[in-house]
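Starting from the given sequences, assemble the full structure and let the hints guide the process.
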Amino acid sequence: MLGVLIAREVLARDPAATVTVLDREMIGSGATRRSAGLHFPRGADDTARTLAAESERFYADLHTARPDLPIHPLAMTVIAPEAAEERLREVYLPEAKLRWTTELPPAVPALPRDHGAWEGDGCQYADVHALTQLLAAELRPAVSFREGVAVETVAAGPGGARLTLTGGATLTAGHVVIAPGPWLAEPAWRELVAPLGARVKKIVALHVDVPPAPGDRAVVLDTEDAFLLPLHHRGHWLFSYTCQEWDADPATVDPALTAGHLREARALLTRYAPGLAAHCRSGRVFCDAYGPDGSPLATRLDPYGRLLFAGAAGGSGYRLAPALAARAADLIPSLPSPRKATT
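Numbering (the working numbering), first residue to last: 1 to 343.
Watch out, some of these pointers could steer you wrong.
To be verified - When the alpha-carbon atoms are kept at most 20 Å apart in a straight line, the in silico EDC-like pairs for lysine to aspartate or glutamate are as follows:
| # | residue 1 | residue 2 |
| --- | --- | --- |
| 1 | K97 | D68 |
| 2 | K202 | E224 |
| 3 | K202 | E119 |
| 4 | K202 | E152 |
| 5 | K202 | E186 |
| 6 | K97 | D222 |
| 7 | K97 | E119 |
| 8 | K201 | E152 |
| 9 | K202 | E264 |
| 10 | K201 | D225 |
| 11 | K201 | D293 |
| 12 | K97 | E85 |
Derived by calculation from the structure, the hints in this document are not laboratory data.
Being a predicted model, the structure only gives us computed values, none of them experimental.
Spelled out as structure tokens, the structure:
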């Protein structure tokens, strides 16, 4: 999705720009296709909070302008130790309007000892793959999409950049934004991105075979960095928890859940939603890139400023993509000052 939003942002700033999007597969077939698509107004540090706030405004404007897009506003309950309230009010954006509540969502019958619940605004989820396809389709009259085309080499000089593509074709450009998701180790840019210190971690989410009710809300387990998401458009819940398997390879990662994944996720879910834990039998497994300090990256890769990197969103690619796209466009000096890219 990030690549499509970068193309959109560039054209919003300069409608006459020549833009080409390269994807080794079909658009949106990598991490985007496996994304949970949850956005909530939170950031662990100032950088993440700024990006989250910008992205929230983008999606709110986009949803207002295009209510037909698969973006679904959602109520949210945050669960954490009562002693963590001060930290919660720091990491959640003011737009969340966190407020204490004694009313628990139906999925959570009771709280662990010394825990509390807060309601919040600004939460939504999307069918990220479908959304990416729709946004890409709108761009096709102005953007060249080359799907099923991989980059074999990339080089930069003072006058621009040159790429060698599969099949022997070459492409020259004033600037190249590399937004590889978890494919950090691709030979074409491995040495370029290695100094960034980003790593790839496995991401695991379980499918809970219980249909969500119309009023069901997202449940964020803040301390555990986990969440329950009612996927109304698919007819089941999704439970995402933090898997600590690092240095995964997207080319070889097994998409199947292991017994260990099921055991870890069910143990955590049982603590909060025991009625759902027994219905976790399937799910999705992939990976994503993480910045060295946990923050996403948008930076130059070469001395000439011709090669740029955007990504390492740490599993929050959908949530932070609009702001990251704007940061990447900011690094292209030939582009005019930012314009809204929502309509």
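For the pair supplied as a hint, K97 and D222, is the alpha-carbon distance within the 20 Å limit? holds (16 Å)
Decide if the proposed pair is consistent with the structure: K201 and D225, CA atoms, cutoff 20 Å inclusive. Holds, because 14 Å separates the two Cα atoms, which is no more than 20 Å.
Compare the distance between the alpha carbons of K201 and E152 with 20 Å, and conclude whether the hinted pair is satisfied. violated (24 Å)
Does K201 pair with D293 here, judged by a C-alpha cut-off of 20 Å? Holds: K201 and D293 sit about 14 Å apart, inside 20 Å.
Is K97 close enough to D68, meaning Cα to Cα at most 20 Å? The given pair, whose Cα atoms are some 27 Å apart, is violated under the 20 Å limit.
Holds or violated: K202 and E119, Cα atoms, limit 20 Å. Cα-Cα ~30 Å, so violated.
Does the alpha-carbon distance linking K202 and E152 stay inside the 20 Å limit? At roughly 25 Å apart (the allowed maximum being 20 Å), E152 and K202 break the hint.
Would the pair K97 and E119 pass a check requiring their Cα atoms to be no farther apart than 20 Å? holds (8 Å)
Pair hint K202 and E186, alpha-carbon separation not exceeding 20 Å: holds (17 Å)
Satisfaction of hint between E264 and K202, Cα-Cα up to 20 Å: Distance ~14 Å between K202 and E264 Cα, so the pair holds.
Is the straight-line distance between the alpha-carbon of K202 and that of E224 20 Å or less? This hinted pair holds, its Cα atoms lying about 16 Å apart.
Regarding the pair K97 and E85, is the alpha-carbon distance no greater than 20 Å? Roughly 13 Å between the alpha carbons, so the hint for K97 and E85 holds.
The earlier numbered hints that this structure contradicts are 1, 3, 4 and 8.
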